[in-house]
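Here is what each chain is made of, one letter per residue.
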Amino acid sequence: ETGVTQTPRHLVMGMTNKKSLKCEQHLGHNAMYWYKQSAKKPLELMFVYNFKEQTENNSVPSRFSPECPNSSHLFLHLHTLQPEDSALYLCASSQDTGGAYGYTFGSGTRLTVV
Amino acid sequence: QQQVKQSPQSLIVQKGGISIINCAYENTAFDYFPWYQQFPGKGPALLIAIRPDVSEKKEGRFTISFNKSAKQFSLHIMDSQPGDSATYFCAASKEEYGNKLVFGAGTILRVKS
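Residue numbers (my numbering), protein chains in the order written: chain A, 1 to 114; chain B, 1 to 113.
With the rest of the complex left out, here is chain A (with noise of 0.2 Å):
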């Protein structure tokens, strides 16, 4: 294990289901971020978190919804998602966003939307 725990590590849903991604960290890092990795294309950011403060949002649809309770949990809530949303969903964390530290990355969740 990494040090960022991601669950579940797949899942199924329908396209009128409602569901939620959660990843925690326990390293002490403030900031989390959620990507987006699909097949032969770059990992896409979605969302980062500072502090607990979101700081960008990516042009995601409104149907990912974020959420950071605090620095060591971070949610992706999802609902009625299409089919193209199925990917591999990373998250990360990071000391902070203020300075250029390496990122630790999550295993990732398994999405399929049938």
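FYI, nobody ran anything at the bench for these hints, they're computed from the structure.
Don't be surprised by glycine CBs; every beta carbon is placed ideally from N, CA and C.
Keep in mind that the hints are not guaranteed to be accurate.
Claimed, not checked - Simulated coverage check for chain B against chain A, where a stretch passes if three residues somewhere in it have a Cβ under 8 Å from a Cβ of chain A:
1. 71-82
2. 100-113
What the hints assert, rightly or not - Cross-link-like lysine to any residue pairs, in silico, SDA-like; alpha carbons within 25 Å at most:
3. A/K41 with B/K94
4. B/K42 with A/P42
5. B/K58 with B/S10
6. B/K5 with B/Q37
7. A/K41 with B/D31
8. B/K42 with A/L27
9. A/K40 with B/Q37
10. B/K42 with A/M46
11. A/K41 with B/A29
12. B/K42 with A/D96
13. B/K71 with B/Y32
14. A/K19 with B/K42
15. B/K58 with A/G102
16. B/K94 with A/L45
Following the hints, put chain B in place on chain A, whose structure we already have.
Here is chain B on its own, set in the frame of chain A:
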């Protein structure tokens, strides 16, 4: 200007050979260039990183070569091993942009034994 272009898309190398993956960027403001390694079923893991004030950084069998004037950087894996088979991502960031990493599209490396 925010893009990082990575090549090749896939690479097959014989065991013991040298694997070379290249990346190019446009934004001269980038000042941090990491490489990530991702195994199936895992998230990317930081492998090695370089800043533009040096032209080369070596850690074990992994070397980053950086050419600031050409706006290119590359990863060299010496004595490639089957265990190196993974997807490799280059990335770039700048502190001014809040340390957000911009990733290349990835290179799938397969080392044949």
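To see whether the hints hold, each was checked on the structure:
| no. | hint | verdict |
| --- | --- | --- |
| 1 | 71-82 | violated (count 0) |
| 2 | 100-113 | holds (count 7) |
| 3 | A/K41 with B/K94 | 22 Å, holds |
| 4 | B/K42 with A/P42 | 16 Å, holds |
| 5 | B/K58 with B/S10 | 23 Å, holds |
| 6 | B/K5 with B/Q37 | 17 Å, holds |
| 7 | A/K41 with B/D31 | 23 Å, holds |
| 8 | B/K42 with A/L27 | 18 Å, holds |
| 9 | A/K40 with B/Q37 | 15 Å, holds |
| 10 | B/K42 with A/M46 | 19 Å, holds |
| 11 | A/K41 with B/A29 | 23 Å, holds |
| 12 | B/K42 with A/D96 | 23 Å, holds |
| 13 | B/K71 with B/Y32 | 12 Å, holds |
| 14 | A/K19 with B/K42 | 22 Å, holds |
| 15 | B/K58 with A/G102 | 17 Å, holds |
| 16 | B/K94 with A/L45 | 15 Å, holds |
Hint 1 from the earlier list is the only one contradicted by this structure; the remaining hints agree with it.
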